[in-house]
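*Asks:* Protein chains in written order, with my numbering: chain A, 61 to 328; chain B, 61 to 328; chain C, 61 to 328.
One or more of the hints may lead you astray.
Heads up, the list lumps identical chains together, so a pair's fine if it works in one copy or across two of them.
Derived BS3-like pairs: lysine-lysine, alpha-carbon spacing no greater than 25 Å straight-line [said to hold, decoys possible]: (1) Lys201 to Lys117; (2) Lys92 to Lys117; (3) Lys261 to Lys215; (4) Lys92 to Lys201; (5) Lys229 to Lys117; (6) Lys274 to Lys143; (7) Lys261 to Lys92.
It is worth saying that the hints were derived from the structure and are not from the lab.
If you're wondering where the values come from, they're calculated on a predicted model, not measured in any experiment.
Each chain, written out:
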Amino acid sequence: MSIVTLLTDFGIQDAYVGTVKGVVLSINPEAKIIDITHQIEPQNLVRAAYIISSYYKYFPAGTVHMIIVDPGVGSDRAILAVKTMGHFFLAPDNGVLTTLLDEDDIDVIVRVENTRLFLHPVSRTFHGRDVFAPVGAQLSKGIDIEILGPKINSKDALRLQLEKPHFSKHGELVGAIVGVDRFGNCITNIDESALEALCRKDSFMRLEFDICGKRIKGLSRSYDQAKPQHPLAVVGGFGYLEIALNGGNAKNYLNAQIGDRIRVAIKS
Amino acid sequence: MSIVTLLTDFGIQDAYVGTVKGVVLSINPEAKIIDITHQIEPQNLVRAAYIISSYYKYFPAGTVHMIIVDPGVGSDRAILAVKTMGHFFLAPDNGVLTTLLDEDDIDVIVRVENTRLFLHPVSRTFHGRDVFAPVGAQLSKGIDIEILGPKINSKDALRLQLEKPHFSKHGELVGAIVGVDRFGNCITNIDESALEALCRKDSFMRLEFDICGKRIKGLSRSYDQAKPQHPLAVVGGFGYLEIALNGGNAKNYLNAQIGDRIRVAIKS
Amino acid sequence: MSIVTLLTDFGIQDAYVGTVKGVVLSINPEAKIIDITHQIEPQNLVRAAYIISSYYKYFPAGTVHMIIVDPGVGSDRAILAVKTMGHFFLAPDNGVLTTLLDEDDIDVIVRVENTRLFLHPVSRTFHGRDVFAPVGAQLSKGIDIEILGPKINSKDALRLQLEKPHFSKHGELVGAIVGVDRFGNCITNIDESALEALCRKDSFMRLEFDICGKRIKGLSRSYDQAKPQHPLAVVGGFGYLEIALNGGNAKNYLNAQIGDRIRVAIKS
Chain A
61 MSIVTLLTDF GIQDAYVGTV KGVVLSINPE AKIIDITHQI EPQNLVRAAY IISSYYKYFP
121 AGTVHMIIVD PGVGSDRAIL AVKTMGHFFL APDNGVLTTL LDEDDIDVIV RVENTRLFLH
181 PVSRTFHGRD VFAPVGAQLS KGIDIEILGP KINSKDALRL QLEKPHFSKH GELVGAIVGV
241 DRFGNCITNI DESALEALCR KDSFMRLEFD ICGKRIKGLS RSYDQAKPQH PLAVVGGFGY
301 LEIALNGGNA KNYLNAQIGD RIRVAIKS
Chain B
61 MSIVTLLTDF GIQDAYVGTV KGVVLSINPE AKIIDITHQI EPQNLVRAAY IISSYYKYFP
121 AGTVHMIIVD PGVGSDRAIL AVKTMGHFFL APDNGVLTTL LDEDDIDVIV RVENTRLFLH
181 PVSRTFHGRD VFAPVGAQLS KGIDIEILGP KINSKDALRL QLEKPHFSKH GELVGAIVGV
241 DRFGNCITNI DESALEALCR KDSFMRLEFD ICGKRIKGLS RSYDQAKPQH PLAVVGGFGY
301 LEIALNGGNA KNYLNAQIGD RIRVAIKS
Chain C
61 MSIVTLLTDF GIQDAYVGTV KGVVLSINPE AKIIDITHQI EPQNLVRAAY IISSYYKYFP
121 AGTVHMIIVD PGVGSDRAIL AVKTMGHFFL APDNGVLTTL LDEDDIDVIV RVENTRLFLH
181 PVSRTFHGRD VFAPVGAQLS KGIDIEILGP KINSKDALRL QLEKPHFSKH GELVGAIVGV
241 DRFGNCITNI DESALEALCR KDSFMRLEFD ICGKRIKGLS RSYDQAKPQH PLAVVGGFGY
301 LEIALNGGNA KNYLNAQIGD RIRVAIKS
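So here's chain A without its partners, still in its complex pose (with noise of 0.2 Å):
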């Protein structure tokens, strides 16, 4: 079995995801090719950065993630392969990695530099068809990651800033928006085990999350309970407290944006 995953910016009306599934059919048939989004929005690294770490664990170890979001195409950025937890990654050293990097206990980084293992000649402009797309078919055919270029070390990999939650000087969790889904969910930074560290012994259900001027009471287990058409807190499917309203669209209800700050606290 050799599965390969594509996370790009790609969009779905032209022929750029497909003409990347060629080439790695080309080199190896048997790859089973599996699109987890080509929606990032143009260039959104840090869009990126945060849903890489919700879905390769779901996959079997040996699977190849690659993930092309490059505004830096052709330019001298570097390319990395990553392995860990038996994943393979293969990303532009543009930031796109920094969720993973920091989660995982990574076994191997490399440059990929192996120009003998790329599509010629090599464009400027598509590095999906020309360096991913063949490199990573390698590596879904078993081909030894450190063949592909020298090794570096993972704090050479370049970090996105991204924002963490904080403890205030009020003792509040305050965290942030990071993502919207399909549903209009409004997906934060804040972990289940954060919350746990704000409630220690004291119930979920006393804890408040004030958001977009809104005030939420207790952490929902359910997207059902609350009232039809009002807002509630709940950890959603990856881990993350997630601000949802129950048979409607809750971005839309808070007029809430990518990057609005979430405050939790124990009701007093």
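Here the structure of chain A is known, so what remains is to put chains B and C in place on it, guided by the hints.
*Replies:* Just chains B and C now, kept in the frame of chain A:
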């Protein structure tokens, strides 16, 4: 061969679909996973109910069809597994299977309760990943459906109150628009057999269609049987009457909405 | 290995694409089906004609490419099967194959008339399912193309009148925007060899580009070779001149439309 199809309201901008596929492939590496659509409007059970009947018969027997349009995720709604015509279906017990259950002879329906097959811990917000995916993967590997949980009677599954076409006291056949496709074709709930019942021995060319204040004469056999930019009535590929515009978009032309009435009569 | 690619105007909101795949897999369970795009604007033959040339060569020989952009479905337009460069194409005889037929040496073209291979009854509104899918599946299984129907001459296939770049009486190379991709890059019909013919021994850096009232100096080698939010001219990954905006959207910046002229000259 083991095919798994996906019909969801997940959209394609997030990692939800990819994550479901990762779980399926982790359990059944041989599965071929086919997207039907992920663009069902959030929680639009009626649209999903109609669409299921259109595609499933075109897949080989043994295919597992996962229907994940599930506003009640995490509540106590059941999840059903259905075997009919050699196909398997997994769906919430929320009425989304209404047309399927009404049209076909059902072999078996079970309530999916065998938690040993689930992904643990089971989140209360993402059963697509934690219940549907692992159970669907097991079905695609050939597990006996009765291992999933207790059998129930088809009558005990929840039904939507879908409006059916009827004859008015003036002898008109009255139906409604139940879907609009990408081309703007307005698809009704009137099937070809209902038109035949109306016509008896008369020609389809004597039919008249009233919709959104417009009158269309005669049933066309294909989209080009009206003048360019003129409306026409035709039986679409899935066997239902639809109103189209030759070379254009009938929904926009008619300013039509889901639920709008269509009246069909024999020209006097 | 048997790969089938799909280029359609079906969109992704309906079950049309999934149904086509079901039919293909019913006939050839081994087929790998790859989506190129389903977002061709309804019935936009010109866009489809240009896009075909960009992706197909990146697939392995033997791939079957189905092109279902077919406003004349159900009329008496023919369906063509083409073999060229080891690849197979199925498309309506409506001009959508124009660039393919003009660029390549065609081995064989046949008119698809062998109704024994079709799905019966053949609807007059969904040949994608009833003709393209079963015939494409047979091609992917290795059926001899000449079994599909009678050979025709390439000259007898319908051609679109695609505008070609030309030299003005002032010696400028005059082309047009023929596509806009997801990033807002404006793709022209001028290929690299035309630029070389214009430059002769001059440097690409002496080229000047006039488009939508803006003048761009020099041909860049990658998207980062302009200041941020400044326009640039570059040969894109598929070999055609395109106008991009570094870090932004050139279409919006230029207020550009498909069909807008671009004039290229040597700086005097």
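*Asks:* Each hint needs a verdict: does it hold in this structure or not?
*Replies:* Right, here's what the structure says about each hint:
When the C-alpha separation of Lys201 and Lys117 is checked against a cutoff of 25 Å, the pair qualifies both within a copy, at 20 Å, and between copies, at 22 Å. In the homo-oligomer, the alpha carbons of Lys92 and Lys117 lie at most 25 Å apart both inside one protomer (17 Å) and across protomers (20 Å), since each shortest distance falls under that limit. Neither within a single protomer nor between protomers do Lys261 and Lys215 lie at most 25 Å apart by alpha-carbon distance, with minima of 37 Å and 47 Å respectively. For the homomeric pair Lys92 and Lys201, the shortest alpha-carbon distances inside one copy (11 Å) and between copies (18 Å) are both at most 25 Å.
In the homo-oligomer, the alpha carbons of Lys229 and Lys117 never lie at most 25 Å apart, since the shortest distance is 36 Å inside one protomer and 61 Å across protomers. Taking CA atoms no more than 25 Å apart as the test, Lys274 paired with Lys143 passes in neither setting, with 43 Å inside one copy and 46 Å between copies. For the identical chains of this complex, Lys261 and Lys92 are neighbours neither inside a copy (46 Å) nor across copies (47 Å), given an alpha-carbon limit of 25 Å.
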